[in-house]
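These are the residues of each chain, in order.
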Amino acid sequence: MAVQHIVPQWQRRTFLKGAGLGVLAASGLTALQPLCPQSWAAGERTRFVSTWNAPDILDPHVKYDVGAAAFNLNLYDNLLRYHGNPPEIVPWLAETHEITDDGRKWIFHLRRDATFHDGSALTAEAVSFSFARLLTLGKGPSAIFKRMGLTPETIRVLDPYTIEFQLAQPFGPFRMAIPIVSIVNPALIKAHEQNGDWAEPWLAQNEAGSGAYRLVKFDQATGFLMERFPEFWGGWREKHIDEVEIRVIREQSSRTLALMKGDVHMIETLLGADQLEKLEKHPRIKVIPYESMRFFVIRMHNQRPPFTDINVRKAFSYAFNYKSFIEDLMKGRVVRNPVPIPRPLWSYPTDLPGYEYDLDKAKAYLAKATVKINRPIEVHVQAPLEPTVQAALLFQSDLAKLGIELKIVKSMFPTIVASTKTVESTPDMWIHWISTYFVDPENWIGEMYDSANGGTWKASSWYKNPQVDALLGRARSILEQEERTKLYAEACRLVVEDAPDLWVYNTIEYVPLAKNVQGFQFSLVGSGQEFWPLYFDPRA
Amino acid sequence: MNVLNYVAQRVVTLIPTLIGLVILTFFLSRVVPADPAALIAGEGASRQQIEALRQRYGFDQPLLTQLGIYLAQLATGNLGTSIYTGRPVLTDLRERFPATLELTLVSIALATLLGIPLGMFAALKHNSWLDHSLRACTTAGLAITGFWLAIMLQLFFSMELDLFPLGGRIGVPEPRALTGFFLLDALLSLNGTAFLSALKHITLPALTLAYPAFATIARFTRSGVLDVMQRDFILYEKAMGLPHLLITFKYLLRNALTSTVAQIGLLFGSLLAGAVVTEQVYDWPGLGLYAVESIMKFDYQATLGITLWAGVAYGAVNLMVELAQAIIDPRVVRR
Amino acid sequence: MKPMVLNTRMQAETTAPRVRYFPHRLWPVPSGWWLLGQKILRDRLAVVGLCILLGLLSTAVLAPSLAPFPEDITATHPAQRLRAPSWEHPLGTDTLGRDIYSRLLFGGRLTLIISCTVVGVCMAIGVPTGLIAGYYENAVSQLILRLADIFLAVPRVILALAMAQALGPSLPNLILALTVTYWPWFTLIVVAETRTVKKATFVEATEALGVRPWRTILYHVLPNVLSPLIVRSTLSMGLTIMTAAVLGFLGMGAQPPAPEWGAMIAEARLYLPDALWYATAPGLAIFLVVMGFNLLGDALRDILDPRLRRGRR
Numbered sequence: 086m087a088v089q090h091i092v093p094q095w096q097r098r099t100f101l102k103g104a105g106l107g108v109l110a111a112s113g114l115t116a117l118q119p120l121c122p123q124s125w126a127a128g129e130r131t132r133f134v135s136t137w138n139a140p141d142i143l144d145p146h147v148k149y150d151v152g153a154a155a156f157n158l159n160l161y162d163n164l165l166r167y168h169g170n171p172p173e174i175v176p177w178l179a180e181t182h183e184i185t186d187d188g189r190k191w192i193f194h195l196r197r198d199a200t201f202h203d204g205s206a207l208t209a210e211a212v213s214f215s216f217a218r219l220l221t222l223g224k225g226p227s228a229i230f231k232r233m234g235l236t237p238e239t240i241r242v243l244d245p246y247t248i249e250f251q252l253a254q255p256f257g258p259f260r261m262a263i264p265i266v267s268i269v270n271p272a273l274i275k276a277h278e279q280n281g282d283w284a285e286p287w288l289a290q291n292e293a294g295s296g297a298y299r300l301v302k303f304d305q306a307t308g309f310l311m312e313r314f315p316e317f318w319g320g321w322r323e324k325h326i327d328e329v330e331i332r333v334i335r336e337q338s339s340r341t342l343a344l345m346k347g348d349v350h351m352i353e354t355l356l357g358a359d360q361l362e363k364l365e366k367h368p369r370i371k372v373i374p375y376e377s378m379r380f381f382v383i384r385m386h387n388q389r390p391p392f393t394d395i396n397v398r399k400a401f402s403y404a405f406n407y408k409s410f411i412e413d414l415m416k417g418r419v420v421r422n423p424v425p426i427p428r429p430l431w432s433y434p435t436d437l438p439g440y441e442y443d444l445d446k447a448k449a450y451l452a453k454a455t456v457k458i459n460r461p462i463e464v465h466v467q468a469p470l471e472p473t474v475q476a477a478l479l480f481q482s483d484l485a486k487l488g489i490e491l492k493i494v495k496s497m498f499p500t501i502v503a504s505t506k507t508v509e510s511t512p513d514m515w516i517h518w519i520s521t522y523f524v525d526p527e528n529w530i531g532e533m534y535d536s537a538n539g540g541t542w543k544a545s546s547w548y549k550n551p552q553v554d555a556l557l558g559r560a561r562s563i564l565e566q567e568e569r570t571k572l573y574a575e576a577c578r579l580v581v582e583d584a585p586d587l588w589v590y591n592t593i594e595y596v597p598l599a600k601n602v603q604g605f606q607f608s609l610v611g612s613g614q615e616f617w618p619l620y621f622d623p624r625a
Numbered sequence: 132m133n134v135l136n137y138v139a140q141r142v143v144t145l146i147p148t149l150i151g152l153v154i155l156t157f158f159l160s161r162v163v164p165a166d167p168a169a170l171i172a173g174e175g176a177s178r179q180q181i182e183a184l185r186q187r188y189g190f191d192q193p194l195l196t197q198l199g200i201y202l203a204q205l206a207t208g209n210l211g212t213s214i215y216t217g218r219p220v221l222t223d224l225r226e227r228f229p230a231t232l233e234l235t236l237v238s239i240a241l242a243t244l245l246g247i248p249l250g251m252f253a254a255l256k257h258n259s260w261l262d263h264s265l266r267a268c269t270t271a272g273l274a275i276t277g278f279w280l281a282i283m284l285q286l287f288f289s290m291e292l293d294l295f296p297l298g299g300r301i302g303v304p305e306p307r308a309l310t311g312f313f314l315l316d317a318l319l320s321l322n323g324t325a326f327l328s329a330l331k332h333i334t335l336p337a338l339t340l341a342y343p344a345f346a347t348i349a350r351f352t353r354s355g356v357l358d359v360m361q362r363d364f365i366l367y368e369k370a371m372g373l374p375h376l377l378i379t380f381k382y383l384l385r386n387a388l389t390s391t392v393a394q395i396g397l398l399f400g401s402l403l404a405g406a407v408v409t410e411q412v413y414d415w416p417g418l419g420l421y422a423v424e425s426i427m428k429f430d431y432q433a434t435l436g437i438t439l440w441a442g443v444a445y446g447a448v449n450l451m452v453e454l455a456q457a458i459i460d461p462r463v464v465r466r
Numbered sequence: 000m001k002p003m004v005l006n007t008r009m010q011a012e013t014t015a016p017r018v019r020y021f022p023h024r025l026w027p028v029p030s031g032w033w034l035l036g037q038k039i040l041r042d043r044l045a046v047v048g049l050c051i052l053l054g055l056l057s058t059a060v061l062a063p064s065l066a067p068f069p070e071d072i073t074a075t076h077p078a079q080r081l082r083a084p085s086w087e088h089p090l091g092t093d094t095l096g097r098d099i100y101s102r103l104l105f106g107g108r109l110t111l112i113i114s115c116t117v118v119g120v121c122m123a124i125g126v127p128t129g130l131i132a133g134y135y136e137n138a139v140s141q142l143i144l145r146l147a148d149i150f151l152a153v154p155r156v157i158l159a160l161a162m163a164q165a166l167g168p169s170l171p172n173l174i175l176a177l178t179v180t181y182w183p184w185f186t187l188i189v190v191a192e193t194r195t196v197k198k199a200t201f202v203e204a205t206e207a208l209g210v211r212p213w214r215t216i217l218y219h220v221l222p223n224v225l226s227p228l229i230v231r232s233t234l235s236m237g238l239t240i241m242t243a244a245v246l247g248f249l250g251m252g253a254q255p256p257a258p259e260w261g262a263m264i265a266e267a268r269l270y271l272p273d274a275l276w277y278a279t280a281p282g283l284a285i286f287l288v289v290m291g292f293n294l295l296g297d298a299l300r301d302i303l304d305p306r307l308r309r310g311r312r
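Residue numbers (my numbering), protein chains in the order written: chain A, 86 to 625; chain B, 132 to 466; chain C, 0 to 312.
Bear in mind the hints are in silico, worked out from the structure with no lab data behind them.
Every value quoted in this text rests on a predicted model; they were computed, and no experiment measured them.
Beta carbons are placed, not taken as given, at the ideal position from N, Cα and C, and that holds for glycine.
Honestly, I wouldn't trust all of these hints.
[To be verified] With beta-carbon atoms standing in for the labels, derived distance ranges:
id : chain 1 : residue 1 : chain 2 : residue 2 : range
1  : A       : Tyr-442   : B       : Asn-209   : 26 to 36 Å
2  : B       : Ala-183   : C       : Asp-273   : 27 to 37 Å
3  : C       : Val-60    : B       : Gln-204   : 46 to 56 Å
4  : A       : Leu-487   : C       : Pro-89    : 25 to 35 Å
5  : B       : His-263   : C       : Gly-209   : 50 to 60 Å
6  : B       : Thr-207   : C       : Ala-191   : 50 to 60 Å
7  : B       : Gln-204   : A       : Ala-272   : 31 to 41 Å
8  : B       : Thr-144   : C       : Asp-273   : 18 to 28 Å
9  : C       : Ser-57    : A       : Tyr-442   : 34 to 44 Å
10 : B       : Thr-207   : A       : Leu-487   : 53 to 63 Å
[Unchecked claim] Which bits of chain C does chain A cover? Going by a derived footprint, with three or more residues having C-beta under 8 Å, they are:
id : segment
11 : 77-89
12 : 103-113
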């Protein structure tokens with residue numbers, strides 16, 4: 086049966102008219118776009134937007150990593166702080182300090198004018214409380230302090246503005262590690278404490294600090310917002326930033342575009358070479374390079390065959406195409422770092438060449454190996470961080486030429502870290518960076534290759550060498566830098582000879598900033614996320 | 132009466148389904164390669180601490196016991212605590228829900244407002260150019276993958292043409308929180324900039340979700356109308372001289388829309404559970420993103436919570452759809 | 000046992016004289032593949048769909064010879080990364096310098112393997128369980144239906160993602176996850192069709208004759224259920240491909256360096272908007288293949304199962 090045209094003419098016209106109006110309305114809306122400001126450079130309150138990988142948890146005694154620096158450095162204060170590049174320790178809450186008793190007793194004298202955001206004074210009591218909280222909770226940032234045997238009992242409050250730390254033995258890196266600890270407000274913590282949890286759930290979403298900024302809003306999905314704390318003891322210059330927003334943008338390319346569009350003013354320093362090129366060409370953006378101390382390492386599980394055989398490890402060390410990775414994939418924006426100490430650091434041994442790409446040598450070592458490779462080797466990479474995936478792919482294709490099958494497993498940092506707790510669950514290989522948590526060789530070679538650290542992610546190669554342990558232990562317990570340098574150089578030589586891992590490059594941190602941002606201070610620890618000295622220059 | 136019985140019957144069958152769902156997801160989420168206690172403990176935790184956590188959360192107990200504990204918890208409305216946010220899962224879900232609901236409503240509204248009229252006209256003007264182009268459009272709409280469409284839209288409209296923002300829900304300070312829907316809140320508090328910003332931010336995600344929905348709705352409307360158009364009673368009404376408008380909108384549409392309504396309901400239900408990849412691409416802070424993040428991070432409590440939520444949402448919407456169908460077409464109840 | 004011959008009712012519904020009636024079918028079916036083929040070829044859109052699928056099949060089979068750089072599945076050439084499309088590289092190169100066109104062709108293989116395996120296994124599960132659940136009305140059938148309901152209660156992507164994450168990302172686990180996600184549909188389709196067929200007079204007749212249930216199911220119910228099932232399977236191939244792509248996009252599918260289309264799009268996102276061919280090509284490939292399956296499925300539905308005409312006339 087033929088279909089009748091039921092719809093009369095006028096109905097069709099009405100529909101078309103409606104559709105036309107709809108299209109006009111839509112285009113009208115987009116035309117109104119210029120009315121919406123996309124950045125607030127001018128106006129009453131200046132707002133600075135940064136988009137690092139926003140933290141899930143705002144507790145400084147639980148989280149201490151590069152992303153956490155956004156709140157560690159701004160919402161909180163520490164006794165000493167790193168400023169500048171190369172980084173130097175400057176007095177912060179502690180105006181002066183003394184070391185007595187051969188490096189076993191440290192006394193810090195606090196400044197008198199520091200207050201918390203709720204107005205209460207910051208005294209030695211608060212410092213003692215904060216350290217006690219850190220040590221009792223025992224999470225990430227406490228590791229180094231526990232290793233030096235610091236317990237809440239060994240911290241004494243001498244008077245309201247003096248605090249004393251008693252160490253069991255001298256510990257070289259102690260001063261360098263002090264900036265890790267943020268001072269929290271004991272009154273607020275105690276007010277929200279439940280069942281002896283040190284207010285951990287509460288502090289994860291709130292703050293109890295004294296820093297230059299205070300928390301306005303925190304939303305896990307979208308980031309957090311901070312505003313200026315007018316009574317900050319450091320004072321404010323005439324030009325400053327009123328509000329800082331740490332915004333969550335998941336895709337790296339979206340972050341780059343947001344910076345180019347002017348929606349944000351700063352993005353992370355771990356961009357790939359392609360993104361950096363785009364940004365450098367942009368007229369309203371400046372990209373400032375700083376050589377950092379953050380090297381890229383490919384780990385091998387030394388206690389699991391085939392990596393138990395040094396010949397296999399050496400073969401792998403010769404099989405990675407360092408040059409191509411650095412020059413082609415990283416576009417030459419990083420620096421080869423063949424040893425487990427970052428280049429700019431004082432103990433870097435300049436005379437160790439390390440390994441280079443040589444497939445023939447690799448084959449020779451494989452032939453000498455007593456342990457045969459008869460299964461695919463798994464390498465775990467961090468899916469959101471592209472260089473790890475690229476390195477794995479590059480390695481995969483070169484190892485294939487040696488007849489070795491490399492299986493790439495995409496994972497994430499917290500998952501891999503959790504798996505490094507035991508020998509059995511640690512992956513065969515994984516790829517990551519080691520950032521500057523504190524500026525001392527202990528942060529790198531110390532925590533990576535001392536066999537006492539087994540079960541931590543830095544020591545996930547499960548390397549065991551009593552000689553190296555002895556050297557590292559000695560270096561840790563003295564304070565003179567020259568002496569330590571010699572010890573670390575020797576330890577380095579031994580470690581490189583054993584080839585437990587592949588050390589690839591040292592990062593150059595390129596900080597992409599909107600051009601009108603001034604006063605930027607880069608410091609390795611925290612990658613320049615201290616926002617207090619920043620201001621907008623409308624002329625730029 | 133029959134309708135009520137019908138609905139009651141359906142509700143009764145929903146509950147064992149949900150319980151089964153919980154059990155299924157529970158076992159699924161426990162088959163994880165990573166040790167959940169170690170994940171919660173975080174970096175730098177010692178072995179004793181991990182053990183302590185294991186005992187505290189009950190991971191050392193046999194799986195069935197853990198399941199029992201969880202079900203008991205569930206009965207009191209406690210969905211557990213997320214490992215990563217440290218907050219109750221229910222709080223997380225409640226916070227993210229308005230974003231997803233807003234996006235879902237806007238997408239479905241868009242798809243329906245375009246799909247039903249276009250489908251209807253395509254059917255009424257059978258085999259015309261409108262009909263053919265609509266069929267081409269809808270066939271394409273069903274074949275296109277959501278995330279690719281999202282990326283392409285983002286690429287052209289945001290990156291190249293800079294008409295819309297890249298992602299997020301709003302670019303200016305949020306309007307006063309009255310309902311949780313930015314569009315509504317902005318209107319209610321007469322905040323023009325917020326409204327415009329929220330509108331611009333929701334456009335691309337809504338278009339991404341609306342296009343496949345529109346394809347389905349248009350198809351079903353078209354076939355429904357075509358079906359009904361050929362029935363005798365339409366011919367009879369035309370012969371009786373009833374006005375075309377009346378025939379079309381009262382008799383034709385109502386009979387034709389039963390399957391379309393069902394489809395709209397299904398689409399609504401599945402979108403309510405979170406449009407996973409669209410939210411990922413556009414940084415839309417909703418339930419889909421939460422689901423992906425909790426699954427990827429092995430946050431088993433959150434995964435359980437969101438799966439349960441998805442099941443409940445889907446089930447509830449299906450129920451409402453069946454109710455609506457029963458009202459529109461009472462024959463359904465008899466079957 | 001010889002098939003039953005029914006007469007009056009069937010003959011009243013004659014349409015074209017050429018069609019022969021298979022006595023144990025409920026509605027007229029064109030006899031022979033030739034007629035089926037003819038019907039398909041008469042429909043333009045179906046032809047398009049068929050061509051696309053034949054194209055997919057042939058590229059999947061011939062990929063090693065068609066691809067200009069077959070070694071680019073594993074080999075990397077970092078020096079040639081992110082080149083724009085050229086004569087040498089028709090679709091350009093990706094972030095590790097691999098030829099995108101070659102990887103696309105091999106990705107077609109992967110896609111075909113995944114979708115065929117998933118649909119095959121789902122049918123293998125769905126047909127027996129559906130037949131049993133539809134024909135009998137006992138506890139077993141209730142159990143099967145409940146199970147199917149439970150699996151259906153979760154959104155597809157979340158279930159597949161949770162499974163893939165729990166099992167560990169790899170190709171076999173992806174197939175397993177997708178199978179677990181989609182089997183309820185097949186079962187429920189078979190159940191619905193079985194119930195319809197069961198009501199037919201001839202089934203009652205077989206029961207009356209004392210034919211054992213399993214024979215009835217196998218020889219009389221199953222052939223009638225197969226047609227709608229084949230139609231739905233074709234349409235669900237498209238869905239499995241899309242879900243596999245979503246999982247690949249999220250990193251839960253075949254692991255690198257496997258040239259899975261969804262994973263390629265995810266890689267490409269980082270290089271937008273400059274390297275736009277990198278993201279567009281795999282997406283178009285997915286689109287074409289799914290479209291092909293949909294068009295063919297629509298055509299099959301019109302021919303094999305006229306009752307189900309929805310959306311096409």
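Hints, one by one, checked against the model:
{"no.": "1", "hint": "A:Tyr-442 / B:Asn-209: 26 to 36 Å", "result": "56 Å, violated"}
{"no.": "2", "hint": "B:Ala-183 / C:Asp-273: 27 to 37 Å", "result": "51 Å, violated"}
{"no.": "3", "hint": "C:Val-60 / B:Gln-204: 46 to 56 Å", "result": "54 Å, holds"}
{"no.": "4", "hint": "A:Leu-487 / C:Pro-89: 25 to 35 Å", "result": "32 Å, holds"}
{"no.": "5", "hint": "B:His-263 / C:Gly-209: 50 to 60 Å", "result": "54 Å, holds"}
{"no.": "6", "hint": "B:Thr-207 / C:Ala-191: 50 to 60 Å", "result": "39 Å, violated"}
{"no.": "7", "hint": "B:Gln-204 / A:Ala-272: 31 to 41 Å", "result": "33 Å, holds"}
{"no.": "8", "hint": "B:Thr-144 / C:Asp-273: 18 to 28 Å", "result": "54 Å, violated"}
{"no.": "9", "hint": "C:Ser-57 / A:Tyr-442: 34 to 44 Å", "result": "40 Å, holds"}
{"no.": "10", "hint": "B:Thr-207 / A:Leu-487: 53 to 63 Å", "result": "59 Å, holds"}
{"no.": "11", "hint": "77-89", "result": "holds (count 4)"}
{"no.": "12", "hint": "103-113", "result": "violated (count 0)"}
Hint compliance for this structure: hints 1, 2, 6, 8, 12 are broken, all remaining hints hold.
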